[in-house]
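Trainee: Given next are the chains, with one letter for each unit.
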Amino acid sequence: MADQADVVIIGSGVIGNATAYYLAKKGLSVIVIEKASDIGNGGSSRNGGGVRQSGRHPKELPLAIYGAQHLWPTLSEELGVDVEYYQEGNLRLGKTKEHLAVLADIVEKGKAGGLELDMVTGDQAREICPHLSDEVIGASWCPTDGHANPLMTTLAYYKKARQLGVRFITGEGVIAIKKVRGKAREVVTANNSYVGDTIILAAGFASRKIAASIGIDIPMIELVMEVLVTEEQPKMFYQMLGTAAADFYGHQSTHGSFVFGGSSGHEAYHRGDDITATTSMTAPCICRGIMKYFPQLADAKIVRTWAGAIDDCVDHIPVISHVEEVPGLILACGFSGHGFGIAPTVGLLISEMAAGEETTLDVSGFRYDRFKAKI
Amino acid sequence: MSKIRDRSIDIGTYCPQPDDQLIICRCEEITKGEIRQAIYDGMHTLTELRRFLRTGMGPCQGQSCSKIIQGILARELKISHLELEPAMSRAPMRPIEMSVLGNEVKGGE
Amino acid sequence: MTFERAGAVMKRYDVIVVGAGPAGLTASIEAAKNGLKVVVFDENAKPGGQLFKQIHKFFGSKEHKAKMRGFKIGDELLKTASEVGVEVVLNATVIGIFPDKEVTVNIEDQLIHYKGDAIIVATGATENMVTFEGWTLPGVIGAGAAQTMMNLHSVKPGNKVLMLGSGNVGLVVSYQLLQAGCEVVAVIDAAPRIGGYGVHASKVTRCGVPFYLSHTIIKAEGDTRVTGVTVGEVDGNWQIIEGTQKYFEADTICLAVGLSPMSQLLKMAGCTMEQDPKKGGLVPVCNQYGETSISGIFVAGDVSGIEEASSAMIEGKISGIAAAYSLGYIDEESLVTKAKVLEASLRSLRQGMFAPENRGKILDKTEEGYDISMNLLKRGYLTEEEVESYPGVKSKKGIHPVIECSQNIPCNPCQDACSKKCILIGEKITSLPVVDKEATCTGCGMCVAACSGQSIFLVDESQEEGYTYITIPYEFLPLPKKGDIGLALNRSGSEVGQAEVVKVKTAKAYDHTHLLTIKVPTELGLKVRFFKQLQEVLV
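Quick note, the sequences are listed as chains H, L and A, same order. Under our numbering, the first residue of the first sequence carries the number 1, and numbering increases by one thereafter. Under our numbering, the first residue of the second sequence carries the number 1001, and numbering increases by one thereafter. Under our numbering, the first residue of the third sequence carries the number 2001, and numbering increases by one thereafter.
Keep in mind the hints are simulated off the structure, nothing from the lab. This one's a predicted model, so the numbers in the text were calculated from it and none came from an experiment. Ideal Cβ placement from N, Cα and C applies to all residues, glycine included. Keep in mind that the hints are not guaranteed to be accurate.
Said to hold, decoys possible - Label pairs and their calculated CB-CB ranges:
| no. | chain 1 | residue 1 | chain 2 | residue 2 | range |
| --- | --- | --- | --- | --- | --- |
| 1 | A | D2331 | H | I221 | 55 to 61 Å |
| 2 | L | E1083 | H | S133 | 45 to 51 Å |
| 3 | H | V195 | L | R1026 | 44 to 50 Å |
| 4 | L | D1006 | A | E2367 | 34 to 40 Å |
| 5 | A | T2227 | H | R271 | 39 to 45 Å |
| 6 | A | K2482 | L | I1023 | 52 to 58 Å |
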């Protein structure tokens, strides 16, 4: 098989895999290159699974709404794998006046973007989710939000794209993107090179170093967050949960386990030894956070914890962009910790960009050259 | 270093086997047939099988089944089991209640 | 309520040891002896790891605590640990090892943070499982689990047991099941030869337990629990040969199909790992002192490669002194000197036909050039003709030892047991024992009791015309009494006649191995090796 395709995608995360799938559906040939041994080994396998519209940046909101309306509801059927999507709403919880102010701001922005999003009282929140503690005094409520299983979604796109002929290669770390006759065409790894008419860079934080090889910089940093999972619990609720204080976020999965993400407040200050290694202090901190909202879960046993990095862009929204000075290159990175929920939409949009079609939604807000100094 | 693997290699098509109904992962009740099917769906590493099927993600965290699954995967891919990277081990080493994990004390106090 | 970053104030030890088994305890003792402040965490309610399940006598030489029973070694280690100031914390589950050698431990309802300047991981091993139809039925258990039930909790695992696996674990546990009063219906193994020591196999065989090599379990029968087992013979490709199916009635299936290092904690800590089938699976890469790729994190015992308790205890000592050196408690010269002695001791255990480098090889001669009995490897006993070919078996007038030891295994207590120098092994502890025809046996029985493999018998044809008196090691209760008549069983466990008990000797020096002297007609003198009490006596 020649190492050549219409499109070469760097990164087999949910963005890369979704893009590969939508491109293959259009009949384009695709190669996906992954540095890790495992498909989707970055943030795609290490997030809380939120499929939210609420709390989104106004520029991201249309992507989230499009996904919730047109892509997520039929995704399991389309990919032939249950991605465990639940559209049962999202509660963002508050315990203090300050929290309520944060929530009110979120509600206002969401409404301005046309989203069905409301403030509810503590009691109303407890009506929606009866397991909440009395400490909760208010919440934002978006009934059309939901969650899905990020592992299944990432691997479902992989499985389907592979069936459609997409070639996936793991264990291939990209060193550089090279121009040939003025156009980005070649992806260079330690042992091989792959040639594509279009090259899509969707490698999370690693995109920064790879982009640098062709003279492009995306201002982003790496934040380490942790996730924990409980053993199987009786079915309690299917809402997606978050808090105004950002102590944790998560949901109960189809399996019955609770998957909760969170941080200790030190996420930007890790030593950088191994960003997938957990610390001794984060999981206990997440547990304390959860128990204040859900005292019932105090006896639930944690079976596993893991960590992952967020590619946090300076303005906390992604770069989804052609690069005119490097024709043939499309950037899809800097998702800042909320890429999973919009991944189907982003995959669709990038596939349109790569195919030279008009995009379903406007992506001009995500250009790579938008970054400016503060004064 | 990770080994380069092309996921489009031809391992044939999935054919049912008489012992496909055998439970392999007891914690999550996953059968040999489900594991074999997932391998043909492209799950070519122990980690991917874990993520796709939950094999080894129950209370024992793969203590009992990981070697058996490694053997099944190696046979289907027609490679040595030594070429397959074991899945990652994570804290806690034993399941632990949220209330206990959150109840931190500095030793010596 | 906020929590300060625990690192600033958490309690710090010179060395934190994870696991209070043979490796962990010896490591702690060695470190503490050299002045280190040591704590040992173990998740179990009782210390000692596997030692307290080991009711049999150990192999090796004196320095390896040979002929001592495992649980006694455990007692001794615990006593020494407390004398040298090791803090042993039980019901303490290590949750993780984090950067900066931080260890979090769950004790009661708390998560406690500790730091160690060094960490020694001695977490041992877990039992492998094997799948067959019905393997998840209640009644299918690990051999180690059976041992725990019997030897720690005095619970009989079942009444009729089928053992899968003929390695030392399978053989030792089969014997213990017999001692506990279970019937062992068969020992089966997919391999074509018995994997464990021949002497362990022989003592099971002579009790009447059949071996089926090249056999595997096809199905555990039963709806809600095991009621029987169907086994079948396998060909060279491990496929069942049609028509070879056999059914055994059984309520318990014991799996003794190997162990895997419990190395998850090391992988989690970030140590470089490797898969080594010779070591039983995933093990940390480490240097000669057991130090892993993370400086200051050491390993000892099964977690670094499956062996047995004797070598685990030496590895523990090595990692203990290595930790002492790494923290400046002893100098390099002292480390090298001590390690040299220990490494030599370890090497002596790793010799012989069961040495790691011989795993998987088919040997047909002993180091001395004697033929290795294929009968022993396939059926679990030496034939009468074969027995006579070994240097421990010499015919002689009057009472004399008959040593049915035919494999080079690291063991020499019989040599020390005989004050009359009847038995010679020499410097190399794997050599076959040689009986000196010229030396005078007094019939003290010390060699019989000292033999961890129960393969020494005293034979005396001069006591009574027409009869041979045979003294056998006996570890079953209730003890027969003088005058009892029972069945005389040969090496294969077949009944060959009747035997009468003429003497039952019990002594402190025999350490619970009773010496049963039975008399049989002279023509059976070279055949009979076990005495079976009649059922009515036992009821």
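Trainee: Now, for every hint given, state plainly whether the structure supports it.
Mentor: Now the hints, each set against the structure:
1. D2331(A) - I221(H): 55 to 61 Å: 47 Å, violated
2. E1083(L) - S133(H): 45 to 51 Å: Between E1083(L) and S133(H), where Cβ atoms are some 50 Å apart, the hint holds.
3. V195(H) - R1026(L): 44 to 50 Å: 47 Å, holds
4. D1006(L) - E2367(A): 34 to 40 Å: Once the Cβ atoms are compared, 50 Å apart, the range 34 to 40 Å for E2367(A) and D1006(L) is violated.
5. T2227(A) - R271(H): 39 to 45 Å: The hinted range 39 to 45 Å is violated for T2227(A) and R271(H), with Cβ atoms some 58 Å apart.
6. K2482(A) - I1023(L): 52 to 58 Å: 54 Å, holds
Checked against the numbered hints given earlier, this structure breaks hints 1, 4 and 5; the rest are met.
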